[in-house]
Amino acid sequence: MLVFLLAARGQDPAAVQAGGAVQNEEATSGISQEEQLAAARKRLGLDQPLLVRYGRWLGRAGHGDLGTSVFTGVKVSDEIRTRLPATVRLAVLAVVLTVVLAVPLGVAGATAHRRWPDNLLRIVSLAGASVPGFFLAYLLIALVAVRLRLLPPAGMGGPRSLLLPAITLAVGPAALVSRLLRSSLVEVLGEDYIRTARAKGLANLAVVMGHGLRNASIPVMTILGGLLGRLLEGAVIVEVIFAWPGIGSLAYDAIVRGDFPIIQGTVLVAGAMIMAINLLVDLSYARIDPRVRLGVRS
Amino acid sequence: MSTSGGRSFAARWSIVRFSPARATDLDAFSGGTGPPGLEPDPRPPARRLWRRRLFRDRAVLVGAMLLVVLLAAILAAPWLAPDDPTAVNPPNALAGPSLRHPAGTDNLGRDIASRLLHGGRTSVATAVAATLGITFLGVAFGVIAGMLGGLVDTLVMRLVDVLSALPTLLVAMVVLGVLGPGTDKLVLTVTLLGWPGYARVMRGATLVLREQDFIGATRALGASRLRIMVRHIIPNLMGPLTVLSTLDVGRILLALTALSFLGFGVQPPDPEWGAMMADARSYFYRAPRLLVYPGAAISLLVLAVNLCGDGLRDALDEKVSER
Chain A
1183 MLVFLLAARG QDPAAVQAGG AVQNEEATSG ISQEEQLAAA RKRLGLDQPL LVRYGRWLGR
1243 AGHGDLGTSV FTGVKVSDEI RTRLPATVRL AVLAVVLTVV LAVPLGVAGA TAHRRWPDNL
1303 LRIVSLAGAS VPGFFLAYLL IALVAVRLRL LPPAGMGGPR SLLLPAITLA VGPAALVSRL
1363 LRSSLVEVLG EDYIRTARAK GLANLAVVMG HGLRNASIPV MTILGGLLGR LLEGAVIVEV
1423 IFAWPGIGSL AYDAIVRGDF PIIQGTVLVA GAMIMAINLL VDLSYARIDP RVRLGVRS
Chain B
1115 MSTSGGRSFA ARWSIVRFSP ARATDLDAFS GGTGPPGLEP DPRPPARRLW RRRLFRDRAV
1175 LVGAMLLVVL LAAILAAPWL APDDPTAVNP PNALAGPSLR HPAGTDNLGR DIASRLLHGG
1235 RTSVATAVAA TLGITFLGVA FGVIAGMLGG LVDTLVMRLV DVLSALPTLL VAMVVLGVLG
1295 PGTDKLVLTV TLLGWPGYAR VMRGATLVLR EQDFIGATRA LGASRLRIMV RHIIPNLMGP
1355 LTVLSTLDVG RILLALTALS FLGFGVQPPD PEWGAMMADA RSYFYRAPRL LVYPGAAISL
1415 LVLAVNLCGD GLRDALDEKV SER
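Going down the list, the sequences are from chains A and B. The numbering of the first sequence is the numbering used here, which starts it at 1183 and goes up by one. The numbering of the second sequence is the numbering used here, which starts it at 1115 and goes up by one.
In short, the hints are calculated from the structure, not lab data. Possibly wrong hints are sitting among the right ones.
Example chain A residues on the side facing chain B (calculated, C-beta under 10 Å, incomplete) [unchecked claim]:
id: 1; residue: I1262
id: 2; residue: R1271
id: 3; residue: L1308
id: 4; residue: S1312
id: 5; residue: S1365
id: 6; residue: G1430
id: 7; residue: Y1434
id: 8; residue: M1455
id: 9; residue: M1457
Just so it is clear, the structure is predicted and the values come from calculations on it, not from any experiment. Ideal placement from N, C-alpha and C gives every residue a C-beta, glycine not left out.
Using the sequences plus the hints, can you model the full thing?
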């Protein structure tokens, strides 16, 4: 695990660094003369060999110093610190919406297994997984913000402006989770202990919610890590469209402008977040499913 | 990616969903591993059974029909398209639907219907190319890691771990931002970032297969490891592989169009659905048509593929089907 963490840390900024340097040269050569270019290179330490630069960057990054933006001169760590809360807020609301959408749909699909509501939900959730986020975003803007004037179309102004981007982010994952929850719940509801629960006279709802849902959520948990990672990635597009000032739009602007310290910083932070999430999910998985500890499979 | 992304997501998901089905699938495909001396199984062979289940599924039929219609339209683009997809006609910009331009014209007066049809070719071709590339790399790395084991296995799997820990869409954006955008680079980047999930599944399946008796028998007959891999392991992986890549084409298409939408993929004036939507952003309030048509086209195509993939998985997964 440690090797994997170290390797991942080493891998991505190296590629980014190499690329960032190339692009910076292009960017500066467009606006400055030859000697200015050389000076700029020297100032940024670009006259050093790649490995030296990479080692230096890694050493500084270890102390929390990610360099400064080539364009604005703002420290990368400050830039990320001011942008991160917006992304976290967006992601948290999106996760909540995912659960709120997926659980009822999954339960409804499983309890109506093989009947028309199940088939309808199948189409709905597949459609939800098929619509690209950047299309859904514009549909929501057109319908909710422009036609109905319920919510602001873009930007960050109060909690209401958080809703549209969060819905956009949540639809895809919600569709997948509801599908998985449905098939997992169908399987669980066929188990003997469900029949026992029914036999002792529990109401259908109590059986499904208390005995079924809990066990059915175990396989769903395993995909949660990847799901959250995917959500973070989707955040890039959603933040760009909704002009949401988070990490995603920061990274996008930096890539477009060739601001390589920012690019490195955001990729590092995003990678670290994904790894942290995966670790947390792995740990919580062992905690939620007692069979993982006992080593006994039913 | 993303959307892709979410490579790790799809991979994990597939592993979870396949694990119960995999062993039975492989048993069926490896030609019956049931105990000898028993009466022959009166049920029809597994292959015909799943095929029958597949065609009984109305959602699959709808998906397949949709897919055939869309693909036919896209393939016939040069003959169906009313106009040259790149011919500009500024005086006639943003025109509404007419007989000559059934879907109207875009901001440069180009025929939207023609651009949709031709753009579909690019989108579908890139998605198919990336899927094939990812499948090839995934099978190659997975089977080699699973068969050889030891140091090779460790190295390949660490690489897989590292790649799947990356925020794929973001890294793809960075790579394409550095290399410069372009259709070929787009496909290459998505392919190179996309194979780890497949490698993991294929390695797992190879480890299961490798211990089976028929592989031991082949080895006893003196077959080389290469021959065992190419002639015996890979053909037996085709079942799960088909399902995996069918389920994945849609996701890959979404990732590719997303990258094009952000300006890192197909470049103007070439028509492509994601790029068309990016062009349409500035005209969204005046002519939402420009954005809605390509968006709907992507959604429909991905939905068609997903319906087929979903049905295929259900049909092959005995546990789900027989309940």
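Requested in this report: So, M1455(A) near chain B? Judge it on the closest CB pair being under 10 Å.
Outcome: Holds - the Cβ of M1455(A) comes within 10 Å of chain B, reaching about 8 Å at its closest.
Query raised in the report: Any CB of chain B closer than 10 Å to the CB of M1457(A)?
Result: Hint on M1457(A): holds, closest Cβ of chain B at ~5 Å, below 10 Å.
Query raised in the report: Does the interface hint hold: is I1262(A) within less than 10 Å of chain B, judged Cβ to Cβ?
Result: Not OK, violated: I1262(A) not within 10 Å of chain B, min 14 Å.
Query raised in the report: Minimum Cβ distance from Y1434(A) to chain B below 10 Å?
Result: For Y1434(A), the interface hint holds, since the closest Cβ of chain B sits about 7 Å away, which is under 10 Å.
Query raised in the report: Are R1271(A) and chain B close enough, Cβ to Cβ, to be under 10 Å, as the hint says?
Result: violated (19 Å)
Query raised in the report: When the nearest CB of chain B is found for S1312(A), is that gap smaller than 10 Å?
Result: Result: holds, 4 Å to nearest chain B Cβ.
Report task. For the hint on L1308(A), just tell me whether its beta-carbon gets within less than 10 Å of chain B. Result -> Given a least distance of 5 Å, the restraint on L1308(A) holds.
Requested in this report: Hold the hint about S1365(A) up to the distance rule: shortest CB distance to chain B must be less than 10 Å.
Outcome: holds (6 Å)
**Report entry** Restraint outcome when G1430(A) is required to lie within 10 Å of chain B by C-beta distance
**Finding:** holds (8 Å)
Checked against the numbered hints given earlier, this structure breaks hints 1 and 2; the rest are met.
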